[in-house]
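Take the given structure of chain A and dock chain B to it, following the hints.
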Amino acid sequence: MIQHIFKIIWNERKTNVWLLLEYIIIFCILWFCTDYLYTMLHSYFSHKGYDLKYVYDIQMQKKPISGDMEIDDYALAMTFLERINRHPGIETVAFSTVSVPYQPGTWTTRYYINGQDSIFMNDIQRKRVSSGYFDVFRINVEGDIFDWQDYTDREKIIITPLRGDRFGNHTMLFPISEIHSLDNRHWQSGEIERVHQVAGTADRIIRLFHQPAMSSLFEPLQREDVNLQSNNISVRVKPEADKGFAERFVREMREQLTIEPYFLSSVTSAQHLQTQLTTFYGIRNHMNSTYAITSFLIVNIFLGILGAFWFRTQSRRSEIGLRLALGSSRRKVQGMMLLETMMLLSIASVAATIICLHLSNPEILRMLGIPFVDKARWGIGNEQNFINFGITFGFLALISMLAVWHPARQAAKIMPAETLHEE
Amino acid sequence: MLKQNKFISIISIAGTALAIMMIMTLIVVNEVKNISIAPEDKRDRTLYITFQVERERVNESSFNTRSGDVSPNIFNKYLSDLKTPEYISIMSDFNPEFKQTVNVEGESNYFQFPRRIVDASYWNIFSFDFIDGNPFSEEDFQSDVRNVVLSESIARELFKGEKAVGRTIQINFENHRVTGVVKDVSTVFKYASGGIWVSRRSHGAVLLVARDKQDFPTIIAEVREAERRYGIENEPWFLYFRGPENQKVNNMDNMWRGNNEEEFRNVIKIENRRRIFLFAVLLIIPALNLSGFSLSRIKKRTSEIGVRKAFGAKKHTILIQVLYENLITSLIGGFIGLIFSYIAVVWLKNWLLGVTDSSTIPLNAFLSPAIFVIVFAVCVLLNLLSAGLSALKASRMSIVNSLNKNDQL
Numbered sequence: 001m002i003q004h005i006f007k008i009i010w011n012e013r014k015t016n017v018w019l020l021l022e023y024i025i026i027f028c029i030l031w032f033c034t035d036y037l038y039t040m041l042h043s044y045f046s047h048k049g050y051d052l053k054y055v056y057d058i059q060m061q062k063k064p065i066s067g068d069m070e071i072d073d074y075a076l077a078m079t080f081l082e083r084i085n086r087h088p089g090i091e092t093v094a095f096s097t098v099s100v101p102y103q104p105g106t107w108t109t110r111y112y113i114n115g116q117d118s119i120f121m122n123d124i125q126r127k128r129v130s131s132g133y134f135d136v137f138r139i140n141v142e143g144d145i146f147d148w149q150d151y152t153d154r155e156k157i158i159i160t161p162l163r164g165d166r167f168g169n170h171t172m173l174f175p176i177s178e179i180h181s182l183d184n185r186h187w188q189s190g191e192i193e194r195v196h197q198v199a200g201t202a203d204r205i206i207r208l209f210h211q212p213a214m215s216s217l218f219e220p221l222q223r224e225d226v227n228l229q230s231n232n233i234s235v236r237v238k239p240e241a242d243k244g245f246a247e248r249f250v251r252e253m254r255e256q257l258t259i260e261p262y263f264l265s266s267v268t269s270a271q272h273l274q275t276q277l278t279t280f281y282g283i284r285n286h287m288n289s290t291y292a293i294t295s296f297l298i299v300n301i302f303l304g305i306l307g308a309f310w311f312r313t314q315s316r317r318s319e320i321g322l323r324l325a326l327g328s329s330r331r332k333v334q335g336m337m338l339l340e341t342m343m344l345l346s347i348a349s350v351a352a353t354i355i356c357l358h359l360s361n362p363e364i365l366r367m368l369g370i371p372f373v374d375k376a377r378w379g380i381g382n383e384q385n386f387i388n389f390g391i392t393f394g395f396l397a398l399i400s401m402l403a404v405w406h407p408a409r410q411a412a413k414i415m416p417a418e419t420l421h422e423e
Numbered sequence: 001m002l003k004q005n006k007f008i009s010i011i012s013i014a015g016t017a018l019a020i021m022m023i024m025t026l027i028v029v030n031e032v033k034n035i036s037i038a039p040e041d042k043r044d045r046t047l048y049i050t051f052q053v054e055r056e057r058v059n060e061s062s063f064n065t066r067s068g069d070v071s072p073n074i075f076n077k078y079l080s081d082l083k084t085p086e087y088i089s090i091m092s093d094f095n096p097e098f099k100q101t102v103n104v105e106g107e108s109n110y111f112q113f114p115r116r117i118v119d120a121s122y123w124n125i126f127s128f129d130f131i132d133g134n135p136f137s138e139e140d141f142q143s144d145v146r147n148v149v150l151s152e153s154i155a156r157e158l159f160k161g162e163k164a165v166g167r168t169i170q171i172n173f174e175n176h177r178v179t180g181v182v183k184d185v186s187t188v189f190k191y192a193s194g195g196i197w198v199s200r201r202s203h204g205a206v207l208l209v210a211r212d213k214q215d216f217p218t219i220i221a222e223v224r225e226a227e228r229r230y231g232i233e234n235e236p237w238f239l240y241f242r243g244p245e246n247q248k249v250n251n252m253d254n255m256w257r258g259n260n261e262e263e264f265r266n267v268i269k270i271e272n273r274r275r276i277f278l279f280a281v282l283l284i285i286p287a288l289n290l291s292g293f294s295l296s297r298i299k300k301r302t303s304e305i306g307v308r309k310a311f312g313a314k315k316h317t318i319l320i321q322v323l324y325e326n327l328i329t330s331l332i333g334g335f336i337g338l339i340f341s342y343i344a345v346v347w348l349k350n351w352l353l354g355v356t357d358s359s360t361i362p363l364n365a366f367l368s369p370a371i372f373v374i375v376f377a378v379c380v381l382l383n384l385l386s387a388g389l390s391a392l393k394a395s396r397m398s399i400v401n402s403l404n405k406n407d408q409l
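If you read the protein sequences in the order shown, they are chains A and B. Residue numbering for the first sequence follows the working numbering, beginning at 1 and increasing consecutively. Residue numbering for the second sequence follows the working numbering, beginning at 1 and increasing consecutively.
Only chain A is shown next, with the shape it has when bound in the complex:
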């Protein structure tokens, strides 16, 4: 049977070459679509090292102050904490500066490890947070969490290494006990060297899903940096209080949280803010475009294959008629047509796979400014090629069968004499 089909394919080689070419092109296109979608969705759904579900951002604003009103920001923040904790829906509260994964802005600093000044780097995100931060964002910490209000914990930090025991762009020298950093926050006053003791480590953190993971250094928020307006205030609410939390909270707490001169301005879901941020960076747009283009290509491929096989099967009606006249059953003829298609697809897929494996050059995509090209960054290895092959082949097999099955059935329905007559 198989030999016979090969013979048919060979005899019809003139048309089959076109078909094979079409299959190879389509296979390659689908392969790259699968590859790209897989990488994109993999990064989208991978664990980011924190959890934003049930987290809200509370925005406080400052009224215009008249005269020279003395403000003790730290005391006001304590009043705020005490009042907000009384709200039944609140689980934990955190203050932080440039540290939340749903707001723009990061702060990087230069540092060196374990007193070795030869290793000097500046690819570390520095975050100043209150102790509640790790609870609010559900960050797994191994070791001790500092007490941010305790002055003796001032230099205790928590670090987040990356995959493969790297910290920053350097392979970790275990154990990291000390990190020297240059505090460059007040850029006018120059840099102050500080020595931090590593008290714990946490999972690597991916701030936004399209960006690479960067190592972080969490240090306690200092008393003098506490400010209800400029700090990010993040709260984790109890799951049962989540529904309609923002409006309810504003309604119930507006008066209590008017802590002169500060007042409650807005409460927004952290997930929503993060979505807005990725929209701003054009990533949502890019994902939508990818979906649209992929769907467009799939529909086109479907139409193309449908049209090509329709013609092919129809123009072979006389052959089918002859086969039926010579005693082949309808079922057998249909089966043969399907098998022939599958053979063609298999031949094409081998050729296309070889092409795809040689063509997958991320440089081309980078030249077009397309994100998600560096697969290794998301821990995707060669196993993806098998996934690509499986999905592409399965999909093409399915639509080819659909395209062949119907015209083959129609052709086989016709009386043999009639088709022979057409010759």
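Since the hints were derived computationally from the structure, they do not count as laboratory data. Glycine is no exception: its CB is placed at the ideal position from the N, C-alpha and C atoms. The reader is advised that the hints may include incorrect statements.
[Stated by the list, open to error] Residues from chain B that face chain A, not an exhaustive set, calculated with beta carbons under 10 Å:
(1) Y110
(2) F128
(3) P286
(4) R297
(5) K300
[As the list claims (entries may be wrong)] The calculated label-pair distances, taken between Cβ atoms and stated as ranges, are:
(6) B:V346 to A:A417: 51 to 61 Å
(7) A:N85 to B:A38: 49 to 59 Å
(8) A:T152 to B:K248: 54 to 64 Å
(9) B:V281 to A:M78: 57 to 67 Å
(10) B:A38 to A:W107: 41 to 51 Å
(11) B:F376 to A:P64: 55 to 65 Å
(12) B:A38 to A:R223: 52 to 62 Å
[Stated by the list, open to error] Restricting the straight-line Cα-Cα distance to at most 27 Å, the calculated cross-link-like pairs of lysine-lysine (DSS-like) are:
(13) A:K63 to B:K160
(14) A:K63 to B:K99
(15) B:K42 to B:K269
(16) B:K42 to B:K190
(17) A:K62 to B:K99
(18) B:K248 to B:K269
(19) B:K300 to B:K393
(20) B:K42 to B:K183
(21) B:K269 to B:K213
(22) A:K413 to B:K300
(23) B:K299 to A:K413
(24) B:K99 to A:K243
(25) B:K190 to B:K6
(26) B:K42 to B:K213
(27) B:K300 to A:K7
(28) A:K7 to A:K413
(29) B:K299 to A:K7
(30) B:K248 to B:K42
(31) B:K77 to B:K42
(32) B:K314 to B:K393
(33) B:K213 to B:K77
(34) A:K14 to B:K393
(35) B:K213 to B:K190
(36) B:K6 to B:K99
(37) B:K99 to B:K160
(38) B:K248 to B:K190
(39) A:K14 to B:K315
(40) A:K53 to B:K99
Just chain B now, with coordinates in the frame of chain A:
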């Protein structure tokens, strides 16, 4: 002709319609973003500076960098006094979801509304439809009293139908005098949209409106001169204003990168490359598909072409006939595709135009002549790509072979 093989005709038309829909959606979106219509009716002669970068070299490879949208100090010192532009204005960003606490003075009924902070010159750049009152003037802007213009819907909500002009509202517990009320502006207009327009100096985007497009190079040169002036006054720091970009460039995606002119030009280059790639994919893949159909269709009509040739039809007659017949399919598909692209733009405006749900899209942008010219051009191009090969083959067939159906296709 179309009825000869209904199935294939339907598939070809559907394929064409789909391709045209995708391409036209991109073009319509671009048109909506770039066309000069009220209130942003000076888009064609506006230059935008949306980002400033201040840097100081630390060593060979690293800089100290401060960057963000244009700061009020820098604007006052280096941009506000440019000579050539007709109008110069700095305005804050407008994010409809970032709301302020607002109440009518003396009432404790608090609302949440978004705002845009603008200067007096802002009102010259856009043509707003004032229902009541006036924009605030330069004197109002300089005075200690804060002034605001409200959108119609916000004025209605705040004052419940009473006259708003002349009243005082509080924004974040600070008093503001209402000077005017304007018709709501769709968020399609990135710079004209707003809910409450507050008179104050803000950081944000700088718009430079030229008297004429031809002044653009002069204005850009003036901006570069301002950067040099900063460099002299602030050694060792130096300054870069991103752009100034025209409307088209300002509306491209991914335009928030680049710390100097070179990097920024590169970002634009990449973005252009990406667009060309996208259009190529949207044209070539369906063309490949459709050319398969037209080849098979011609194959079926080999004998007809043979007869025509036998009766004296010339090569180019056959060529034009095949192309012309195919163009009919393309145009039908193109028309359907254009309609669908309108539907897509309206339906997906959140994603495609970045507008909020309640906003309307200016319909004039849909019916601009440019769009119809482009859709026709795309149809012809797609037609050439998809039927060109088969038409050429058909015209080259020898009479005897085609009459015998002994075709070489």
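Hints and how they fare:
Taking 10 Å as the C-beta contact cut-off toward chain A, the hint placing Y110 of chain B at the interface holds, the least distance being around 7 Å. For F128 of chain B, the interface hint is violated, the least distance from its beta-carbon to any beta-carbon of chain A being 26 Å, above 10 Å. The criterion of a C-beta within 10 Å of any C-beta in chain A is met by P286 of chain B, whose closest approach is roughly 5 Å, and the hint holds. For R297 of chain B, the shortest C-beta to C-beta distance to chain A is roughly 9 Å, which falls under 10 Å, so the interface hint holds.
The closest approach between the C-beta of K300 of chain B and any C-beta of chain A is roughly 9 Å, which is under the 10 Å cut-off, so the hint is satisfied. Hint check: V346 of chain B to A417 of chain A, Cβ distance near 56 Å, so the stated range 51 to 61 Å holds. Under the hint 49 to 59 Å, the C-beta atoms of N85 of chain A and A38 of chain B, about 52 Å apart, fit the expected range. In this structure the hint that T152 of chain A and K248 of chain B lie 54 to 64 Å apart at CB holds, the actual value being about 59 Å.
The supplied range of 57 to 67 Å is met by V281 of chain B and M78 of chain A, whose beta-carbon atoms lie about 59 Å from each other. At roughly 43 Å, the beta-carbon separation of A38 of chain B and W107 of chain A lies within the given 41 to 51 Å, and the hint holds. The beta-carbon spacing between F376 of chain B and P64 of chain A, approximately 59 Å, falls within the hinted interval of 55 to 65 Å. Restraint check, A38 of chain B to R223 of chain A: a C-beta distance of roughly 53 Å satisfies the suggested window 52 to 62 Å.
Under the criterion of a C-alpha separation no larger than 27 Å, the hint pairing K63 of chain A with K160 of chain B is consistent with the structure, at around 26 Å. For the given pair, K63 of chain A sits about 15 Å from K99 of chain B by alpha-carbon distance, which is consistent with the 27 Å threshold. Under the criterion of a C-alpha separation no larger than 27 Å, the hint pairing K42 of chain B with K269 of chain B is consistent with the structure, at around 26 Å. Only pairs whose Cα atoms come within 27 Å are accepted, and K42 of chain B paired with K190 of chain B is accepted, the gap being roughly 13 Å.
Of the supplied pair hints, the one linking K62 of chain A and K99 of chain B holds, its CA atoms being roughly 14 Å apart against a limit of 27 Å. Proximity of K248 of chain B to K269 of chain B is assessed by CA-CA distance (about 13 Å); at most 27 Å being required, the pair is judged to hold. For the given pair, K300 of chain B sits about 13 Å from K393 of chain B by alpha-carbon distance, which is consistent with the 27 Å threshold. Using a Cα cut-off of 27 Å, the hinted pair K42 of chain B and K183 of chain B holds, with the two alpha carbons roughly 19 Å apart.
Between K269 of chain B and K213 of chain B, the direct Cα distance comes to roughly 22 Å. Compliance with the 27 Å bound is thereby established for this hinted pair. With a CA separation close to 22 Å, the supplied pair K413 of chain A and K300 of chain B stays within the 27 Å bound. Distance restraint check for K299 of chain B and K413 of chain A: the Cα-Cα separation of roughly 25 Å lies within the 27 Å cut-off, and the hinted pair is therefore satisfied. Straight-line distance between C-alpha atoms of K99 of chain B and K243 of chain A comes to about 21 Å, which keeps the hinted pair within the 27 Å bound.
Restraint check for K190 of chain B and K6 of chain B: the C-alpha separation of about 47 Å exceeds 27 Å, so the hint is violated. Taken as a hint, the K42 of chain B and K213 of chain B pair is honoured in the structure, with Cα atoms around 10 Å apart against an allowance of 27 Å. Between K300 of chain B and K7 of chain A the CA atoms are separated by roughly 26 Å; this keeps the pair inside 27 Å, and the hint holds. The straight-line distance between the Cα atoms of K7 of chain A and K413 of chain A is roughly 25 Å, inside the 27 Å bound, and the hint therefore holds.
For the hint linking K299 of chain B to K7 of chain A, the alpha-carbon distance of about 24 Å falls within 27 Å, and the restraint holds. Using a Cα cut-off of 27 Å, the hinted pair K248 of chain B and K42 of chain B holds, with the two alpha carbons roughly 13 Å apart. About 25 Å separates the Cα atoms of K77 of chain B and K42 of chain B, which keeps this hinted pair within 27 Å; it holds. Simply put, K314 of chain B and K393 of chain B have alpha-carbon atoms about 13 Å apart, close enough for the 27 Å limit, and the pair holds.
Only pairs whose Cα atoms come within 27 Å are accepted, and K213 of chain B paired with K77 of chain B is accepted, the gap being roughly 25 Å. Restraint check for K14 of chain A and K393 of chain B: satisfied, since their Cα atoms lie roughly 16 Å apart, inside the 27 Å limit. For the hint linking K213 of chain B to K190 of chain B, the alpha-carbon distance of about 21 Å falls within 27 Å, and the restraint holds. At most 27 Å may separate the alpha-carbon atoms for a hinted pair to count; K6 of chain B and K99 of chain B exceed this at roughly 57 Å.
Distance hint between K99 of chain B and K160 of chain B is fulfilled; the C-alpha atoms sit about 20 Å from each other, no more than 27 Å. Our distance criterion of 27 Å between C-alpha atoms is met by K248 of chain B and K190 of chain B, whose separation comes to about 13 Å. Note on K14 of chain A and K315 of chain B: the hinted pairing holds, with a Cα-Cα distance of about 25 Å set against a maximum of 27 Å. At roughly 23 Å between alpha-carbon atoms, K53 of chain A and K99 of chain B fall within 27 Å of each other, so this suggested pair holds.
Hint violations for this structure: numbers 2, 25 and 36, all remaining hints satisfied.
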